[in-house]
Amino acid sequence: MKQQRSSWVLYTIIATIAITIAVQVYWNYKNYQVNKQQFINQVQISLDNAVEAYYVAIAKNDRMMFITMDTSTNTDDIESIKRLKNASFDSIFLKIEHRMKTDSNTVIIENSQPRFPSNIQNDSLLTATHSYKKYAVPQLLRKKDSIRMLQEISSLYISITEDSLDFKKLKTFLDIEFDRKQIAVPYHLKQYVNSAVVNEISNTKLPSRFLKTNAKSAYLKPGETLELHYANISKTVWKRSLFGILLSTLLSLAIISSLVYLLRVIRQQKQLAEIKNDLISNITHEFKTPITTISTALEAIQHFDALKDPEKAQKYLDISDKQLKKLHLMVEKLLETATLDSENLMLKKETIDIVNFTQNITEKQQALTTEKTIEFRSNIESQLLDLDPFHFENAITNLIDNALKYGGSEIKVNVKKTVKSIEITVADNGDSIDKSQREKIFDKFYRIPKGNTHDVKGFGIGLYYTKKIIEKHNGTIQLVSDTTLTIFKITLLG
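Numbering (my numbering), first residue to last: 365 to 858.
Think of the hints as simulated: they come from the structure by calculation, not from any bench.
Predicted model, so just to flag it, every value in this text is computed and none were measured.
A portion of the hints provided could be inaccurate.
Said to hold, decoys possible - Below, simulated DSSO-like cross-link-like pairs (lysine-lysine); rule was C-alpha separation at most 27 Å, straight line: (1) 545 x 400; (2) 580 x 535; (3) 784 x 713; (4) 576 x 603; (5) 736 x 689; (6) 576 x 554; (7) 603 x 545.
Could you put the whole structure together from the sequences, leaning on the hints where they help?
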């Protein structure tokens, strides 16, 4: 049941991470599309504004005004027309302002169809103006209240311009609009008249793939088209989307990190629960054996007269004393383990010869077993180090004891001096430790899982204790990878 629940938690976390990533990718994609469309709209607006600004600038230089419809009565206006007799123009644009006296509304009537002769001679412009007025008036007469409107015309505006556009000037206005909207793209501008290219200009060479748009200005003549080609908008669009992308990425990382951390905590709690159960089982087994032995010995003493058989009584007492010392040692190990992570454990260092010290430990361990051989080697005769003899002996003893419990029949202890350090290795020819367990064997209370079996005694604190003691001596310990041997190597600064 617990395994199934853990699997569901894992699947839920994975699904949540996948959904989070998918939502953020979709959101960024839609945000990119919105920014892309906004950019395209801004290019269109910039082009239209540039064309409008271009024609406004031209109108300021080429506009003439006629006060009232009877141009012959205003000599100043006629003289201003005569001054254009040597000018050459291609087209004329008429703008009539009509202001109603009743409500002060302004009605503007525009027409650009009539044309002047290409060369204006003497008073020909005046004649053309009258003929042009004759053209415009019938258009007014067809409208409702045309008589009253005609009587109330307040001004006539005539804009005389050339057919061809000044592309350099138009490009200047377009660049100004692009700079104002922070648009930096390569572009190519073309003018079409009846589908034929009559003018073009660009700020740089365009790539093979590009976007295009047409100017929507009302100032363009029938059959005339301004087409803008532009490319490389992705860089600009991505730059505008950068804040959203960063925010989305940070949010996704925060969610994913939290879920991964949660999954890690769940796994750690699961491992701790397994270690706790294993530790309780091992402690129960380890404590139960000496307690049972002591109980049996005391029960035996009770069933016979100890004064009549003092030798037998002493034998039972020795057994009880040995088991009590064993219990005391196990309790001390547990208490020492509790102080290893704090600064409460103070080392009492002495200057000792590490070669003789390690050799003596090896000989003591060999004396305790006859089934396995422990061999000692060293490439130096003597080396003095500052060590805590009690704790360091326990550390080396734990490694040898670990080899006796789990290793093969041959154990080798070696002391080796290198250029900068002293190396102590304990190797056995038993089964190598699985790769998945190598990172965990130095953890507190960790034992390689073997199910609910107790063929090997221990609490899983031996290697943890050894690692902490070596680290407090400013050294390191590691499990060296080997296919045929299990090797623990201690490195101390020489």
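Verification of the hints:
no. : hint      : verdict
1   : 545 x 400 : 14 Å, holds
2   : 580 x 535 : 16 Å, holds
3   : 784 x 713 : 21 Å, holds
4   : 576 x 603 : 21 Å, holds
5   : 736 x 689 : 25 Å, holds
6   : 576 x 554 : 10 Å, holds
7   : 603 x 545 : 14 Å, holds
In terms of the numbered hints stated before, the structure departs from none.
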